[in-house]
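**Q** Taken in sequence, the protein lines are chains S and Z.
When we follow our numbering, the leftmost residue of the first sequence carries the number 1, and every step to the right adds one.
When we follow our numbering, the leftmost residue of the second sequence carries the number 1, and every step to the right adds one.
I should point out that these hints are in silico values taken from the structure, not numbers from a laboratory.
Accuracy of the hints is not assured; some may be wrong.
Claimed, not checked - If you only want the chain Z side, here are some residues facing chain S, beta carbon under 7 Å, derived:
#, residue
1, L40
2, V105
3, A106
4, G112
5, Q113
6, R116
7, H119
8, I193
9, N307
The C-beta atom is built at its ideal place from N, Cα and C for all residues, glycine as well.
Here is what each chain is made of, one letter per residue.
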Amino acid sequence: MGMGLLFDATRCIGCGACSSACKEQNKLPGPVEEVLTAYTWTTLQTREGLNVRRMCMHCEVPTCASVCPVAALVKTPEGPVVYDGQRCMGCRYCMMACPFDVPKYQWDRPVPVIGKCVLCASRIKEGKPTACAEACPAEATIFGKREDLVWEARTRLRQKPGAYVDHVYGLSEAGGTSVMMIANAPFDKLGLKTNLPAEPPAMRTWQVLSNIPDFVAVWGVLLYGVHWITARRETVAHTEAQDSNKEDRS
Amino acid sequence: MNNAGSIASRRFRPGFWSGIAALLIIGFLIVTTIRFTKGLGAVTHLSDQFPWGIWIGFDLLCGVGLAAGAFTLTAVVHLFNLKKFEPIVRPTVLTGFLGYAFVIVALLLDLGQPWRIWHAIVYWNPHSVMFEVAWCVMLYTTVLALEFSPVVFEWLGFPAPARFIHRLITPLVILGVLLSTLHQSSLGSLYLIVPSKLHPLWYSPMLPVHFYISAIGAGIGMVILESYLSGRTFHRHLEMELLEPLARGMVVALGIYGLLRVQAIQRNHAWGAIREFGYEGQMFLLEFTLGVLLPVGLMSFRRLRSNPNWLVGGAFLAVLGFVMNRLNISITGMEAASGTRYLPSAGEIIVSLGLVAAGMVVFAFAVRTFKIFPDGPVSDSRKERT
Chain S
1 MGMGLLFDAT RCIGCGACSS ACKEQNKLPG PVEEVLTAYT WTTLQTREGL NVRRMCMHCE
61 VPTCASVCPV AALVKTPEGP VVYDGQRCMG CRYCMMACPF DVPKYQWDRP VPVIGKCVLC
121 ASRIKEGKPT ACAEACPAEA TIFGKREDLV WEARTRLRQK PGAYVDHVYG LSEAGGTSVM
181 MIANAPFDKL GLKTNLPAEP PAMRTWQVLS NIPDFVAVWG VLLYGVHWIT ARRETVAHTE
241 AQDSNKEDRS
Chain Z
1 MNNAGSIASR RFRPGFWSGI AALLIIGFLI VTTIRFTKGL GAVTHLSDQF PWGIWIGFDL
61 LCGVGLAAGA FTLTAVVHLF NLKKFEPIVR PTVLTGFLGY AFVIVALLLD LGQPWRIWHA
121 IVYWNPHSVM FEVAWCVMLY TTVLALEFSP VVFEWLGFPA PARFIHRLIT PLVILGVLLS
181 TLHQSSLGSL YLIVPSKLHP LWYSPMLPVH FYISAIGAGI GMVILESYLS GRTFHRHLEM
241 ELLEPLARGM VVALGIYGLL RVQAIQRNHA WGAIREFGYE GQMFLLEFTL GVLLPVGLMS
301 FRRLRSNPNW LVGGAFLAVL GFVMNRLNIS ITGMEAASGT RYLPSAGEII VSLGLVAAGM
361 VVFAFAVRTF KIFPDGPVSD SRKERT
């Protein structure tokens, strides 16, 4: 089972240690920006008096990985959706397709790549938590197995029903995500998308793509059949015309 | 000058339009240089909120779509055996090939690292529509080049390879139809993945079918328009006896497409967006009226179809409506979800127009050099002065 993060907005004190730790861990240039960019992979936004983390949600069935033509984005068994900048040719379909608008581009560089949180995949491999979770002084971001985090989130909602909106964001959004959030304000007011279907968007294109082999076989034969019939009709008409000519002459 | 087929003068004479074309192509080269030295951000209005602009919405979606006349006509002539349309196959296949070349150049500009375009051949992800698109572009451009190659072989005086291609024409045309069907529809499938972003006036699970059928309609419109434009340039007459039945086909394709669009809006309960008459509603009405209702309505009358002026007008509307539809899907319909407004930069517009100009210049060159039209290479209309 994959690892993940649980962010509890009611515990966040807004110190920004997570965002700074991320910059340091991933050697990202420049200060922490207010929105996600190719150089700011996580940031805190203040909405409804709450601090909300913005970062890659690391979907269980990631749309970005499904749309990437060269498989530069991949979901690892440990949970992170990682990115291979050496493969990427820069079509930016991942940016278009991501239901959470997470991947960002290096518009200022002649040799650009995508920038997004990779859930400190290298640290997880070493058995360490993500840099942001380790840096959090208030345990607002906690790291763990996704199933444990789901249980933890549900426990908190059950124990203090008035203190939270009764929803674990990321449990089923776009098919579920490895990063989940709980808060005491409606999630759409916190700048999070709430119109996302529970079915992973990748299924919608796979339904079409998986039919291609059948389509090619059936239509290939059909089109050849059409050609055969029309060509045959012409041959027959031609021969009949010749025959009648002969008869005329005889 | 009475013989348009004469080879008397192939000399090119500069005029107003060729001047414009030259300027646009120079502009294209300048913008391209800046784009590859300073990055995409320096010449485009693309952003993290709006990563695809008119280089995708116009150059790619429309370039491919308007090349659809090629597979439609090759199928009509070689598979359905309606040989009377043969005289317009060559210019149509040439347009298709140039359309795809146009798309590839635009892609090379739009991709962040175009020198890695071959990665799609090596690193596979069959779950990606973009992967399908990449393969279709590669394979169908090859098919179009092969379909057109006899013209070049004849000109070079090599009849053997031309005969060889002629013998392979049936499988080649079938392959072309299959690849085109996949490619045209896959451009619609690209947007299947954004149900939460694309406006309900355009989103539909049937998007691949919408793209396919509208491309056939607009592709036929393009064949008519291009006959008209080459007629004007080279003083050729319009082949009305061929174009009138083609316009009938266009009406059928656009009619089916219009019904599918209405059905999709009904399914999405999106009539309210039209009644509100907001930004999206207005753009939709403009697109649907100009691109579907008017051409279908007008071209249903034989009297109008048989009149060259009305015919060209109807074809122009179909093409215009098609371009508006692709821009509405890629830009208008995506703006609300992105939270920004996208307007193309001067650089993006210059590149797109420069590419169109380059396509027209190459087409004119090919028509002067090769036997594209039945009468053979065509000379310039102003040649009477020489």
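**Q** So which of the earlier hints does this model not fit?
**A** Hints 2, 3 and 9 are the ones this structure does not satisfy, whereas the remaining hints hold.
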